[in-house]
Amino acid sequence: MSTPIATSAQYITFQLGNELFAIDVAQVREILELSLVTRVPTSPDYMRGVVNVRSKAIPVVDLRLKFGLPAVPDTLVSRVVVMEIELDGETCIVGGLADSVHEVIELEPAQISPPPRLASRWRTELIRGMARRGEQFIIILDIAAVFSSDEIALLKNGTAETVTT
Amino acid sequence: MKNWKIGNRITVGFAAVLLIAATLGLYAYIQLRAIQRGTAHITEDTMPSINVISGIDSRAREVYATVLNHVLADNKSDMEALEKTLEDHSGLNTEDFKKYGSLVSDSHDQDLLDKAQVCRKNYDVAREDILALSRELKNKEAIALIHSKLTPSYRQYLQALDDIVTYNEKLGEQASTAINTSIRNSVSGIIVGVVAAILIGLTIAWFITRSITVPLASATAAVGDVAKGNLSITLTVNSRDEIGQITASLNSMIEGLRGTSRVADAIAGGDLTHDVKLLSDQDTLGHSLTKMLENLRKIVGEVSSAANNVASGSEQMSATAQQLSEGASEQAAAAEESTSSMEEMSASIQQNADNAKQTDKLAGRAAEDAKTSGTSVSQTVAAMKEIADKIAIIEEIARKTDLLALNAAVEAARAGEHGKGFAVVASEVRKLAERSQTAAADISRLTGGGVRLAHEAGDLLTKLVPDIRKTAELVQEIAASCGEQTTGSNQVSKAMQQLDQVIQQNSSAAEEMASTAEELASQAQQLQGSISFFKVSSAPASAPAVSHRKNSPLKSSPKAIHAIPSRNGKPGAVAIALDNNHNVRGDARDGEFQHY
Amino acid sequence: MSILPPPPETSEILQLTPESFARFAAFITKTLGIKMSENKIPMLQSRLQRRMRARGLRNIDRYRDFLFNSTEGDAELVDFIDAVTTNKTDFFREPHHFNYLRRTALPTLDTDPERPWHFKLWCAGCSTGEEPYTLSMVLSEHAAERTGFDFTILATDISTRVLQTAREAVYDEPRIEPVADELRKKYLLRSRSPGRNLVRIVPGLRRHVQFNRLNFMDADYGVADMFDAIFFRNVMIYFDKPTQEAVIRKLCRNLKPGGYLFVGHSESLIGIDVPVRMVASAVYQKPLSVA
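Chains as they are written, first to last, in my numbering: chain E, 36 to 200; chain D, 18 to 613; chain Y, 51 to 341.
Please keep in mind that the hints were generated in silico from the structure rather than gathered at the bench.
Heads up, a few of these hints could be off.
Distance condition first, Cα-Cα at most 25 Å in a straight line; then the derived BS3-like pairs of lysine-lysine [to be verified]:
#1 D:K132 with D:K116
#2 D:K138 with D:K116
#3 Y:K170 with Y:K300
#4 D:K511 with Y:K85
#5 D:K93 with D:K166
#6 D:K552 with D:K315
#7 Y:K291 with D:K511
#8 D:K294 with D:K315
#9 Y:K291 with D:K374
#10 D:K155 with D:K138
#11 D:K187 with D:K101
#12 E:K91 with D:K417
#13 D:K374 with D:K480
#14 D:K511 with Y:K300
#15 D:K116 with D:K187
Quick list of the computed label-pair ranges, beta carbon to beta carbon [said to hold, decoys possible]:
#16 D:L449 with E:P76: 15 to 25 Å
#17 D:A497 with E:D109: 54 to 64 Å
#18 Y:T158 with D:V509: 33 to 43 Å
#19 E:D109 with D:D459: 17 to 27 Å
#20 D:A456 with E:G103: 27 to 37 Å
#21 E:R168 with D:A456: 19 to 29 Å
#22 Y:R327 with D:D371: 37 to 47 Å
#23 Y:T158 with E:L55: 55 to 65 Å
Output of the computed footprint for chain D on chain E, the stretches with three or more beta carbons under 8 Å from beta carbons of chain D [said to hold, decoys possible]:
#24 59-66
#25 125-139
Each residue gets a CB set at the ideal place from its N, CA and C atoms; glycine is no exception.
Starting from the given sequences, assemble the full structure and let the hints guide the process.
And the structure:
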């Protein structure tokens with residue numbers, strides 16, 4: 036369970052299916068095009084593989100699969116959001132594959148409501164809050180919660196094994 | 018008189034007239050004889066008597082004068098001359114007396130004559146005395162004697178003569194009166210007689226004429242009537258004369274004619290059973306009539322049987338013709354239907370052929386079009402691909418720009434307050450990039466879809482062309498076979514039409530034959546009827562062998578006539594509705610039928 | 051002996067002059083919708099001769115005047131129409147249709163075999179009755195197999211003469227040749243007198259058929275009922291295209307949606323605009339819902 040948002044911050048929005056998600060821009064390093072992804076054998080389905088970013092292998096997680104959404108073919112607007120996640124005092128670099136990445140927005144705390152407790156498709160522990168922008172709801176993700184430590188470890192392993200490609 | 022022969026009647030009539038004429042003639046003769054007698058008495062007695070007496074008288078007077086002259090005479094010669102005269106006269110008188118003597122009519126006349134002769138003698142005596150004196154010239158004495166004797170005797174003599182004359186004149190007058198009476202009598206008698214004769218003659222003539230002309234006139238009238246054909250008259254015979262006989266003959270003639278006429282009447286009435294009664298062997302009319310009757314009987318018999326044959330024959334023929342006609346009209350209906358069907362089918366086939374031809378044309382054009390379209394599509398595809406390529410580049414750039422802007426925004430965000438200005442620029446750039454990306458994406462999508470579609474279309478068209486070709490070929494084949502079919506069916510149709518025409522003509526002919534046969538049958542019946550008018554034997558007149566068909570199927574079609582069509586006036590009105598209670602439970606006619 | 055009138059001149063009877071033909075043809079086409087080409091002269095002639103003879107007239111021109119210009123002309127009109135209409139028909143003519151009716155049309159229309167069903171059929175142009183009685187046989191056979199099935203046949207024709215014959219339902223024996231033996235036993239009666247080769251339709255079959263006079267040229271047929279099927283066979287062949295279209299349209303007014311229209315095998319509805327579509331050879335069906 037994450038803490039409520041008290042300050043205004045900037046977020047980057049991306050899309051998965053019909054849902055719009057947001058991540059604190061502080062946790063985002065850069066946005067990448069979906070270039071060649073090297074699959075990592077024996078990794079889970081949502082583990083897309085690794086990409087080479089400036090000679091550094093970064094693991095890419097298919098956020099659709101991670102959130103239990105059906106897989107869709109990649110498109111030209113498919114993007115990899117390169118995130119810096121603090122886990123156990125260690126910063127992990129993870130790429131999240133989104134259908135598309137939209138923009139950087141600023142949200143006031145007033146615009147953000149706590150995540151709904153019931154009747155949500157999403158596990159509430161992964162959500163920091165819900166923002167409303169016009170007609171659209173934006174789900175603000177607690178990205179650290181999304182990637183649990185074991186997953187990170189797995190990612191690390193995956194990265195370690197595939198970094199050479 | 019009526020029963021007298023006309024000759025007798027005329028003879029009697031004429032005899033009567035002749036008798037009257039004879040009587041009249043006799044009467045006239047008698048009267049004329051009486052007149053003649055009177056006249057003869059006057060001319061042969063009275064007149065000569067008077068003449069004689071007159072001569073005697075005149076000579077007596079001359080004698081007297083001569084005596085006087087003698088007295089007066091003084092010479093002998095004169096005396097002698099006078100005496101000579103006296104002698105002559107005396108001689109003449111004597112002769113005349115003698116003459117008169119023969120003319121004496123009756124005793125009184127004789128008495129008168131006697132007296133006159135006495136007087137003459139006295140006178141003569143006196144005269145001689147005187148003469149004697151005179152010759153002696155004793156005139157005085159002579160004169161005295163004259164006075165004393167001669168003159169009285171002379172007067173007596175003259176008186177006597179005068180008496181005779183008077184008597185004779187009286188006789189003459191008597192005779193004249195008698196003549197006049199006779200004449201008057203005969204004139205009136207003749208007049209009466211003539212008138213009577215005329216009247217009687219006329220009467221007889223009238224009667225005779227009447228007795229002849231009246232019956233003759235009626236006979237003539239009768240003959241005239243007969244000549245005019247009127248046989249109803251009968252003349253009354255009321256005499257036994259020639260006219261009566263003629264009338265009787267006329268009557269029997271009329272009777273005979275009547276008999277003939279009755280026979281002729283019977284013939285006219287169709288009854289040929291009566292025989293002609295011959296009046297005699299010379300009855301030529303009767304003979305002719307008999308012959309005619311025989312011939313008629315024969316002819317009528319023949320015609321009658323012929324008419325019967327014709328009637329039954331034509332009846333049969335009519336029935337057959339009727340059957341034939343019905344068959345023919347059924348056949349004609351079938352042919353008509355077949356022809357109509359065939360025509361319809363021909364029309365359909367023709368339409369198919371036309372359609373096929375059109376389709377063929379369309380297919381050809383479609384194939385051509387498809388080919389052209391294929392080319393166009395290929396070109397389009399190429400052009401679109403090019404566009405797509407170009408767009409891809411643009412898209413790529415836009416995407417890249419977008420990404421860069423996004424990353425710049427991220428960088429700016431991460432830079433905090435220092436990056437604010439940059440963030441705005443980055444946001445603007447990103448928005449622009451996004452817009453151009455969206456536009457490019459749209460174009461790309463469109464061209465992509467277009468290319469795909471065009472590709473597909475191209476492929477389809479390419480594939481279609483041979484299909485269309487194939488179709489066109491097939492359609493051509495169809496068109497060809499349709500054409501053949503059309504020709505065929507047209508021929509069949511034409512043949513059917515001809516057949517139909519023939520059949521219709523046959524039907525027409527059959528119909529006409531039926532009509533003619535029926536007409537013939539009816540005429541035969543008429544003929545039969547006509548001929549049955551004649552009665553040949555005393556059996557009842559031969560009835561027509563064929564009864565009139567009252568219910569000829571053609572003449573009257575039994576039907577419940579429904580009101581004639583049009584309900585056009587009131588659309589929407591229900592005229593026909595199914596009757597659910599409509600129940601045919603069978604009728605009387607079902608009794609005539611049984612189950613199989 | 052000149053008792054008899056001279057026989058009539060043959061040529062005088064025969065003549066149907068072109069003018070007379072034109073007059074008759076125009077009248078027939080207008081009143082009956084029957085097309086009359088010049089080919090029909092012999093036919094018309096033979097048919098008019100009968101009427102002429104029946105009326106005791108001496109030639110066709112006089113008959114024409116009698117028909118069109120005299121006061122008795124109206125009375126003659128019925129007979130005239132009877133005479134000029136063609137009535138060719140047989141039992142089980144074009145049998146394909148009866149099979150189709152039994153095997154296809156009836157099962158298709160029979161939506162619920164459990165319910166009682168009153169089937170209504172219109173035999174338009176029934177002529178002397180062979181067709182409606184054939185249909186009556188076919189439908190009776192069907193009724194024997196399907197419980198609760200009843201039917202009524204409306205049979206119409208313009209000719210009162212043929213309707214009279216049809217009502218009488220008595221036929222010459224040769225005419226029933228196409229009727230199968232087992233059907234004869236069930237549905238036909240034969241004359242008791244052996245000399246007369248006559249047959250009659252059983253009352254049970256006649257009961258289902260109702261005859262009425264109807265002229266297809268009428269603006270409105272005035273038929274109250276809606277029918278499951280209409281047999282209109284071998285009538286159109288006498289009509290021209292516009293008349294065919296008009297008549298079919300009017301008939302279809304009384305055809306239920308989904309109902310069948312049977313036309314003669316030589317007839318087709320190609321090229322005319324009517325609210326039915328072909329489902330088999332010379333068989334048409336009215337769509338269930340008319341768009």
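How the hints compare with the structure:
1. D:K132 with D:K116: holds, 16 Å
2. D:K138 with D:K116: At roughly 17 Å apart (the allowed maximum being 25 Å), K116 (chain D) and K138 (chain D) satisfy the hint.
3. Y:K170 with Y:K300: holds, 17 Å
4. D:K511 with Y:K85: Holds: K511 (chain D) and K85 (chain Y) sit about 17 Å apart, inside 25 Å.
5. D:K93 with D:K166: With Cα atoms ~23 Å apart, K93 (chain D) and K166 (chain D) stay inside 25 Å; holds.
6. D:K552 with D:K315: holds, 12 Å
7. Y:K291 with D:K511: Between K291 (chain Y) and K511 (chain D) the Cα gap is close to 20 Å, so the pair holds against 25 Å.
8. D:K294 with D:K315: holds, 19 Å
9. Y:K291 with D:K374: Answer holds: K291 (chain Y) to K374 (chain D) is near 21 Å, not above 25 Å.
10. D:K155 with D:K138: holds, 22 Å
11. D:K187 with D:K101: violated, 35 Å
12. E:K91 with D:K417: holds, 21 Å
13. D:K374 with D:K480: holds, 24 Å
14. D:K511 with Y:K300: Given pair K511 (chain D), K300 (chain Y) is violated - Cα atoms ~32 Å apart, limit 25 Å.
15. D:K116 with D:K187: Given that 25 Å is the threshold and the Cα spacing comes to 19 Å, the pair holds.
16. D:L449 with E:P76: 15 to 25 Å: violated, 42 Å
17. D:A497 with E:D109: 54 to 64 Å: holds, 59 Å
18. Y:T158 with D:V509: 33 to 43 Å: holds, 35 Å
19. E:D109 with D:D459: 17 to 27 Å: For D459 (chain D) against D109 (chain E), whose Cβ atoms are near 20 Å apart, the range 17 to 27 Å holds.
20. D:A456 with E:G103: 27 to 37 Å: The hinted range 27 to 37 Å holds for A456 (chain D) and G103 (chain E), with Cβ atoms some 34 Å apart.
21. E:R168 with D:A456: 19 to 29 Å: holds, 24 Å
22. Y:R327 with D:D371: 37 to 47 Å: violated, 21 Å
23. Y:T158 with E:L55: 55 to 65 Å: At roughly 56 Å between Cβ atoms, L55 (chain E) and T158 (chain Y) fall inside 55 to 65 Å, so the hint holds.
24. 59-66: Coverage by chain D holds for the region 59-66 of chain E (6 residues, Cβ < 8 Å).
25. 125-139: Satisfied; 3 residues make the cut.
In terms of the numbered hints stated before, the structure departs from hints 11, 14, 16 and 22, listed from lowest to highest.
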